[in-house]
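Could you build the full structure based on these sequences and the hints that come with them?
Protein sequences, first through last, are from chains W and R. First residue of the first sequence? That's 1 in this note's numbering, and the numbers climb one at a time after it. First residue of the second sequence? That's 1 in this note's numbering, and the numbers climb one at a time after it.
Quick caveat, the hints were computed from the structure, so don't treat them as lab data. Take the hints with a grain of salt, since some may be wrong.
In this list, chains with the same sequence are indistinguishable; a pair is considered to hold if it fits within one copy or across any two.
[As the list claims (entries may be wrong)] Okay, derived cross-link-like pairs now, DSSO-like style, lysine-lysine, Cα gap no bigger than 30 Å in a straight line:
#, residue 1, residue 2
1, 261, 50
2, 308, 436
3, 383, 364
4, 308, 209
5, 277, 224
6, 120, 261
7, 484, 383
8, 438, 383
Number of protein chains: 2
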Amino acid sequence: MASSAPSSSNDAPDPTPPNLRPTTYDSWCGVAHGCTKKIGLKICDLLPSKNGEEQTMQFLLEVVDILLNYVRKTFDRSTKVLDFHHPHQLLEGMEGFNLELSDNPESLEQILVDCRDTLKYGVRTGHPRFFNQLSTGLDIIGLAGEWLTSTANTNMFTYEIAPVFVLMEQITLRKMREIIGWSNKDGDGIFSPGGAISNMYSIMAARYKYFPEVKTKGMAAVPKLVLFTSEHSHYSIKKAGAALGFGTDNVVLIKCNERGKIIPADLEAKILEAKEKGYVPLFVNATAGTTVYGAFDPIQEIADICEKYNLWLHVDAAWGGGLLMSRKHRHKLNGIERANSVTWNPHKMMGVLLQCSAILVREKGILQGCNQMCAGYLFQPDKQYDVSYDTGDKAIQCGRHVDIFKFWLMWKAKGTVGFENQINKCLELAEYLYTKIKNREEFEMVFEGEPEHTNVCFWYIPPSLRGMPDSDERREKLHRVAPKIKALMMESGTTMVGYQPQGDKVNFFRMVISNPAATKSDIDFLIEEIERLGQDL
Amino acid sequence: MASSAPSSSNDAPDPTPPNLRPTTYDSWCGVAHGCTKKIGLKICDLLPSKNGEEQTMQFLLEVVDILLNYVRKTFDRSTKVLDFHHPHQLLEGMEGFNLELSDNPESLEQILVDCRDTLKYGVRTGHPRFFNQLSTGLDIIGLAGEWLTSTANTNMFTYEIAPVFVLMEQITLRKMREIIGWSNKDGDGIFSPGGAISNMYSIMAARYKYFPEVKTKGMAAVPKLVLFTSEHSHYSIKKAGAALGFGTDNVVLIKCNERGKIIPADLEAKILEAKEKGYVPLFVNATAGTTVYGAFDPIQEIADICEKYNLWLHVDAAWGGGLLMSRKHRHKLNGIERANSVTWNPHKMMGVLLQCSAILVREKGILQGCNQMCAGYLFQPDKQYDVSYDTGDKAIQCGRHVDIFKFWLMWKAKGTVGFENQINKCLELAEYLYTKIKNREEFEMVFEGEPEHTNVCFWYIPPSLRGMPDSDERREKLHRVAPKIKALMMESGTTMVGYQPQGDKVNFFRMVISNPAATKSDIDFLIEEIERLGQDL
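Below is the structure:
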């Protein structure tokens, strides 16, 4: 902090204005103040110290100044997406930036440097050329909302200490259920720490619906239950199967067609197969927007099968749920209104800051029944307000971060139409990219046809591989192209896009667009950059 | 925003300086701009709009202004802790504050009003007189850290997109393991969304250690496993037992003594009982700082029993872990170094903002083994950096919020000694409160003896009940005292403290102190306020 610059002499008159002078020793944190003049202001000069108000405001404004600069640069295409360093480099310590923790306090001046350096060596996920994850962008309203959430620093478990946020969550979840198309006003839901946990909730809800005795007696008390999900679905279904005691062997993977969509006939065949073995099919996960291909499973046909065999239908729309906001694209999720539960992550396609994921359940009471333990010390029935607003007994968490406010505020600021336009625009950009590269010899599409979501999957074919017929050798070489380009891309810091293999397909790039700041010129840049970095491969 | 005040005439020359005028239509969000002059600036005037930079900075500074005012008031004892309203009141809409979401966007001016109102009708959890939860206070450095975290808006799952945060997590977890006293450098851990999930991790780790086949085959493939925890322990152990497929019947509650500590003999008896029934004891949870009494289970004796029967020992130090930072108080957790896993929530006693909870495991590799699914699209082995730094495959989450930075930054600013002093001070205040009320006729202590943690549990005895001998009638009346006082307290908004029944004890107040801003005068105030509100009962 400028006003707290070290003074070279302890005897010289203090040039600092009185209101910025370190206060005398204050008992709240007890750090000795003898050396403050030498090393600048310390945490004990801030609130709750008696005279800490002004210094607190000044300190926070200096932090905000750093953050605003970062925001500015995030949207500035002339800045890099990242300044890459290897773990050992950062661990050894960059100049003036030491990650190790010590017994003694740092000055506030150093704290500000630490803040600057933390951002400096990080990755600008809001940069218009960051295409690496499903969650990108830096929504300004969402950012303001998250700053407020931190400042309010409360917990979602009771209305008592989060009255406004609890109601915002209730209203937003109801709105989301309406958009899904559930006419029943009595649905339920909760915001959870990410799509994997939301998917876990869906399996718990299904199990409780059909076998409520599991809650008290455990999995040993029920027949062998089987879960179904596609081979392209998110790994969190399997992960939840392992955690919840089903076992991954009992998470049956359904085959997908060349576009990554579930083949309903294979689902039905595998359900019958499980039944023949004496297992009990419980739950089917349909994905609306797979992670790699962006594929939408045929929900109507899957719902027919679930109805026929009386299975719980979950739709993992973590990535694709945003398309429900678009009159143009929501048909891709037709049938979602027949689901028993839906995962929908506003922190992906809707650009809400991390994290913000909802699990929505059509039938009220299941989450509560499944998870409530009625802890007397938290959920007292004799409070003076209507305790049905308390959310804690629905959750597998106790304390729960306020994930709703940023989302609610963005919805207020954009309106439903704002989200619709933002999402339509991202899909148009994906279409632009697809059209641009589909017929060029430098690129090969991983699957045929227009993308349904913003995922565009492609191989870059370097000069040395062009025209070479398919062979093990070519595939091996091609497998190494994307990692090489990605490494060069990260070293140069100009843009970021993900790659991965899938099934028998060797490493390919998966482009996704969820950042409303991206434009056609950024797509052009990405393509040119891949060509530039790959030209000698 | 002052500069975007509505203009009464569309034809009058625009008095707004050019750089604050709404920009022309920008395609990124697509909201029509025809009416901006009437209703002020909109979200489309912010970044990523072409000329949005200045307005973005101005908007964010206006938000910060609101937040700084809130921070100021939080520490000001002349402001209320809360301005209580019932759910139906807030739902009907307060003047100018409507929680409902709409199709159309609001002006930025209204967004600022929404921010102000959200804080206005919330609860000041950082107020020096808020004693309602284990998590209280508003640490300024932590707040700055959380603002930065929101701005960086990234995800902990890979080093690729969170290099600095991933390393900070690693370093901080190692430091915490050292403080626990694990000499083995090869331990592990992860920050999770709250103590309940951390406790869930511990049970998963124990199960994987002894019965790794559960991961693939499910709970049906193993003998009936039993978990042990005390009747005073946190309900999340039972909740996890239900979720993970053990069943709550197989979570055996161990009796506690009058101070709320596990009776080791009862633990051993119940282990033997389970074995006799043919069940397999797996896991014992010892609590270091129970939620209500703040009791510390005798870890050494429990560890002896766990060693004898080869059981996993978990210590739930969510609340008490902070005391490890204090040379004066850490003896209360003696034996914790013998645990296989530890839950420790810096967001409780260490005053870190919500949320920040660590699960620490003594043996490396278990979290990874237990949870990894090796999703090729996220954890590519052919990245250019050392992918052992990626954390995603250890987690049950996929995306994971950055909970580490605020904690790391606070540690930097306070040093270990700063935390120590802060914690010692809170414990001194609890001692002060205990000494003050223990011999007064208006109060009755729930358990004898000095508090071990900052929990002080007491009944307020209103004039009408003083001197009345114990009877059902008196107990019934006393049961209604705390809820009545709490209701009046919330209506008046002056302070907040929790109450609950416990076992056969009727409703009593549970005072907890974790806010370094609290002083003796705040304790005095609480006592006077309870007396004032309860004098006519």
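Now the hints, each set against the structure:
no., hint, in the structure
1, 261 to 50, "neither (63 Å within a copy, 39 Å between copies)"
2, 308 to 436, "neither (44 Å within a copy, 68 Å between copies)"
3, 383 to 364, "within (23 Å within a copy, 45 Å between copies)"
4, 308 to 209, "within (17 Å within a copy, 40 Å between copies)"
5, 277 to 224, "both (10 Å within a copy, 23 Å between copies)"
6, 120 to 261, "neither (41 Å within a copy, 48 Å between copies)"
7, 484 to 383, "between (61 Å within a copy, 8 Å between copies)"
8, 438 to 383, "between (63 Å within a copy, 27 Å between copies)"
Violated hints for the displayed structure, listed by number in ascending order: 1, 2, 6.
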